[in-house]
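2 protein chains.
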Amino acid sequence: MNNKFNFKLISQDKNARLGNLTTAHGEIETPIFMPVGTAASVKAMHLKDVEASGAQIILANTYHLMLRPGQKNIKELGGVRKFMGWNKPLLTDSGGFQIMSLGKLRKIENDGVTFKSHLDGSKYFLSPKISTDIQNALDATISMQLDECIPFPASYEESERAMKLSLEWALKSREAFKERDGYGQFGIVQGSIHADLRKVSSQKLIDIGFDGYAIGGLAVGEGQELMFKTLDFTTNNMPVDKPRYLMGVGKPDDLIGAVKRGVDMFDCVLPTRSGRTGQAFTSMGTVNIKNARHILDKRPLDNNCNCHTCKNFSRAYLHHLFKAQEILGLMLLSWHNIYFYIKLMENIRNSIKFKEFDKFENTFLEQYHSGDIELI
Amino acid sequence: MNNKFNFKLISQDKNARLGNLTTAHGEIETPIFMPVGTAASVKAMHLKDVEASGAQIILANTYHLMLRPGQKNIKELGGVRKFMGWNKPLLTDSGGFQIMSLGKLRKIENDGVTFKSHLDGSKYFLSPKISTDIQNALDATISMQLDECIPFPASYEESERAMKLSLEWALKSREAFKERDGYGQFGIVQGSIHADLRKVSSQKLIDIGFDGYAIGGLAVGEGQELMFKTLDFTTNNMPVDKPRYLMGVGKPDDLIGAVKRGVDMFDCVLPTRSGRTGQAFTSMGTVNIKNARHILDKRPLDNNCNCHTCKNFSRAYLHHLFKAQEILGLMLLSWHNIYFYIKLMENIRNSIKFKEFDKFENTFLEQYHSGDIELI
Chain S
0 MNNKFNFKLI
10 SQDKNARLGN
20 LTTAHGEIET
30 PIFMPVGTAA
40 SVKAMHLKDV
50 EASGAQIILA
60 NTYHLMLRPG
70 QKNIKELGGV
80 RKFMGWNKPL
90 LTDSGGFQIM
100 SLGKLRKIEN
110 DGVTFKSHLD
120 GSKYFLSPKI
130 STDIQNALDA
140 TISMQLDECI
150 PFPASYEESE
160 RAMKLSLEWA
170 LKSREAFKER
180 DGYGQFGIVQ
190 GSIHADLRKV
200 SSQKLIDIGF
210 DGYAIGGLAV
220 GEGQELMFKT
230 LDFTTNNMPV
240 DKPRYLMGVG
250 KPDDLIGAVK
260 RGVDMFDCVL
270 PTRSGRTGQA
280 FTSMGTVNIK
290 NARHILDKRP
300 LDNNCNCHTC
310 KNFSRAYLHH
320 LFKAQEILGL
330 MLLSWHNIYF
340 YIKLMENIRN
350 SIKFKEFDKF
360 ENTFLEQYHS
370 GDIELI
Chain E
0 MNNKFNFKLI
10 SQDKNARLGN
20 LTTAHGEIET
30 PIFMPVGTAA
40 SVKAMHLKDV
50 EASGAQIILA
60 NTYHLMLRPG
70 QKNIKELGGV
80 RKFMGWNKPL
90 LTDSGGFQIM
100 SLGKLRKIEN
110 DGVTFKSHLD
120 GSKYFLSPKI
130 STDIQNALDA
140 TISMQLDECI
150 PFPASYEESE
160 RAMKLSLEWA
170 LKSREAFKER
180 DGYGQFGIVQ
190 GSIHADLRKV
200 SSQKLIDIGF
210 DGYAIGGLAV
220 GEGQELMFKT
230 LDFTTNNMPV
240 DKPRYLMGVG
250 KPDDLIGAVK
260 RGVDMFDCVL
270 PTRSGRTGQA
280 FTSMGTVNIK
290 NARHILDKRP
300 LDNNCNCHTC
310 KNFSRAYLHH
320 LFKAQEILGL
330 MLLSWHNIYF
340 YIKLMENIRN
350 SIKFKEFDKF
360 ENTFLEQYHS
370 GDIELI
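From first to last, the protein sequence lines are chains S and E. The C-terminal residue of the first sequence carries number 375 in numbering that gives the first Met the number 0, and the numbering is unbroken. The C-terminal residue of the second sequence carries number 375 in numbering that gives the first Met the number 0, and the numbering is unbroken.
Next up, chain S with everything else stripped away, as it sits in the complex (with noise of 0.2 angstroms):
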């Protein structure tokens, strides 16, 4: 059937993976990077400029859209996608995260989550069927189940306990999750960095059965030789024939890392939220242009690269538009970011499809950190 939700592993290099996935609002090449959407907005972007630098799916967030304008609303409004004006996949996650950052303000016990908006104090409980309800009236094509995402470092005791829990979760986000053709449901592997509670949280989200499989809990403070040695361990335990989704993660560097580790899903703020602060990504490493160096430079972000920002502005643009706030700035330098991100994923695509994983890593690697060219 056409519109079945559904994953193809097209090709692999070594553990690096080329996936097709289809879905009910279009299919997915992977590895993919998701943009992130968190309020149904990509941050200072028009999404026709997130569609036409080449995305594929997008993520919302949950507990953001649940305080505001709220599930009711949207579903109303006819779902996330059409709400915000996007015909492609979107995944929401659970709201489970953002709750769990919440500190003081949320309280977590076996049935759930209680919860204080950071809006405006009023409380909300969030527990694994509410928060599938709440993903369901959203239309996401995409679920997550809630989990419970502990700080890194944690004991093991603390590991294990949040493990088990995050997968009595799983069961219950299984069981209220509304099937739909071409719309699909994730479990989130929990364990931090332990090798066999990873392996256990595997076997049991394989048990309940889901469209696809998360790694939850990384990218929280390990550091990337930490995360790298904590992916290599658990992959190695996920469905080959399934969708692999490391949630959160990351830098260009941790995306390359984690593909070579046979990860097939990304999702990051990092590309828009370093727009908005002047950092851009390029072929040649980051580059600050609030720095003062760039107040005469004529060349664009990257010379490699082919965005709207880079064919049509110079980096003494751009230095301008962050000194005197304008608001272009922060949209020119997050377009470039997305860019940038999207190619990436391209770029790593077609390395995978040659069987020349390796050699981009190299390449890309090298270029990375050999630094931004200082002007002559």
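One should not assume that every hint holds.
Claimed, not checked - Computed footprint of chain E on chain S; a stretch qualifies when at least three of its residues, placed anywhere within it, have a C-beta under 8 angstroms from a C-beta of chain E:
{"#": "1", "segment": "26–40"}
{"#": "2", "segment": "58–72"}
{"#": "3", "segment": "79–88"}
{"#": "4", "segment": "291–304"}
Unchecked claim - Restraint ranges, calculated between C-beta atoms of paired labels, are given here:
{"#": "5", "chain 1": "S", "residue 1": "231", "chain 2": "E", "residue 2": "69", "range": "20 to 26 angstroms"}
{"#": "6", "chain 1": "E", "residue 1": "102", "chain 2": "S", "residue 2": "290", "range": "30 to 36 angstroms"}
{"#": "7", "chain 1": "S", "residue 1": "110", "chain 2": "E", "residue 2": "302", "range": "45 to 51 angstroms"}
{"#": "8", "chain 1": "S", "residue 1": "290", "chain 2": "E", "residue 2": "290", "range": "39 to 45 angstroms"}
Claimed, not checked - Keeping only pairs whose Cα atoms sit at most 27 angstroms apart, straight-line, the calculated DSSO-like set for lysine-lysine is:
{"#": "9", "chain 1": "S", "residue 1": "71", "chain 2": "E", "residue 2": "310"}
{"#": "10", "chain 1": "E", "residue 1": "289", "chain 2": "S", "residue 2": "81"}
{"#": "11", "chain 1": "E", "residue 1": "322", "chain 2": "S", "residue 2": "74"}
{"#": "12", "chain 1": "S", "residue 1": "103", "chain 2": "E", "residue 2": "322"}
{"#": "13", "chain 1": "S", "residue 1": "297", "chain 2": "E", "residue 2": "74"}
{"#": "14", "chain 1": "E", "residue 1": "74", "chain 2": "S", "residue 2": "87"}
Hint data in this document are derived by calculation from the structure and do not stem from the laboratory. Idealized CB from N, CA, C, for every residue including glycine.
Position chain E against the provided structure of chain S, taking the given hints into account.
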């Protein structure tokens, strides 16, 4: 010669004029609205979208650009048009209006104005020659003379003094203007609301000889009725074969009333500034998108509008973006407003062409003042 700065009056419908202005950087059909790009950016808009909306000429502010990044840097970077990526004509004001608004931070003498930068308090001096030299360096298609724009109300004596000083500055500005094929410089008629002063001002400016004539010192608090009355006796004394530019005006009904009285060019921050505060201009009047009545409003801002915002997004979504303080809200409303102003001028030009300006005015104003329809 192709590149000569030249205004051609194509036809008239009573006092409303249809014209064509040839410049070094392209032709402009008048009457025209010029979006304002204060610091070399039309705020919260991609310039390609300003152009796609039909903008034929934009304005930049000399005061802002001389302070940051400075005319020396902009000249080094190829002029303000190249700096910001705009290939069509661009007009710069003289810097005078912003400086006059600085209040205690400035001191006017016969030679020019001493003022302190609002950015860092450093001292500057602007004379007619310096203002013109800066505009030469910015490479503006159209430059403006330095004038003294006084507030309203002002005594007859004060109005006369400022008008005469503006005439002295007109001559000095004209002498400092660097002649280039297809570039032009406009004189500015002053004299507050006094017919005899406006007449003297016009005649003396014509004696000096400019490529176009602006009307300054209006829309400074005198109200629409008095502005229209002043226009009636001011345009009357202005050359038929040169463009007439009413500076800093205005609301949609101001533009229509001024065209009716023989004005050809306008600029105003209203469409972009209003866009950033949640006010949209529509064919049924203004709409405050932050109003709670739009929470579930599936309609576009304006059923009669073909802009990107109206074709793709509901009022409910725009309302949400403003409530969530998403930059995209400012971007989409600014875009709609700029498009609305540009289409208004397009419709005005068509109505003059078909000698139906009065009919257009009546139809537009009746609908515009009818007010937004309530959601049923």
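Do the hints match the structure? See the list:
{"no.": "1", "hint": "26–40", "in the structure": "holds (count 3)"}
{"no.": "2", "hint": "58–72", "in the structure": "holds (count 4)"}
{"no.": "3", "hint": "79–88", "in the structure": "holds (count 3)"}
{"no.": "4", "hint": "291–304", "in the structure": "holds (count 3)"}
{"no.": "5", "hint": "S/231 to E/69: 20 to 26 angstroms", "in the structure": "54 angstroms, violated"}
{"no.": "6", "hint": "E/102 to S/290: 30 to 36 angstroms", "in the structure": "35 angstroms, holds"}
{"no.": "7", "hint": "S/110 to E/302: 45 to 51 angstroms", "in the structure": "48 angstroms, holds"}
{"no.": "8", "hint": "S/290 to E/290: 39 to 45 angstroms", "in the structure": "43 angstroms, holds"}
{"no.": "9", "hint": "S/71 to E/310", "in the structure": "24 angstroms, holds"}
{"no.": "10", "hint": "E/289 to S/81", "in the structure": "20 angstroms, holds"}
{"no.": "11", "hint": "E/322 to S/74", "in the structure": "18 angstroms, holds"}
{"no.": "12", "hint": "S/103 to E/322", "in the structure": "25 angstroms, holds"}
{"no.": "13", "hint": "S/297 to E/74", "in the structure": "12 angstroms, holds"}
{"no.": "14", "hint": "E/74 to S/87", "in the structure": "45 angstroms, violated"}
The structure fails hints 5, 14 (numbered hints given earlier, in ascending order).
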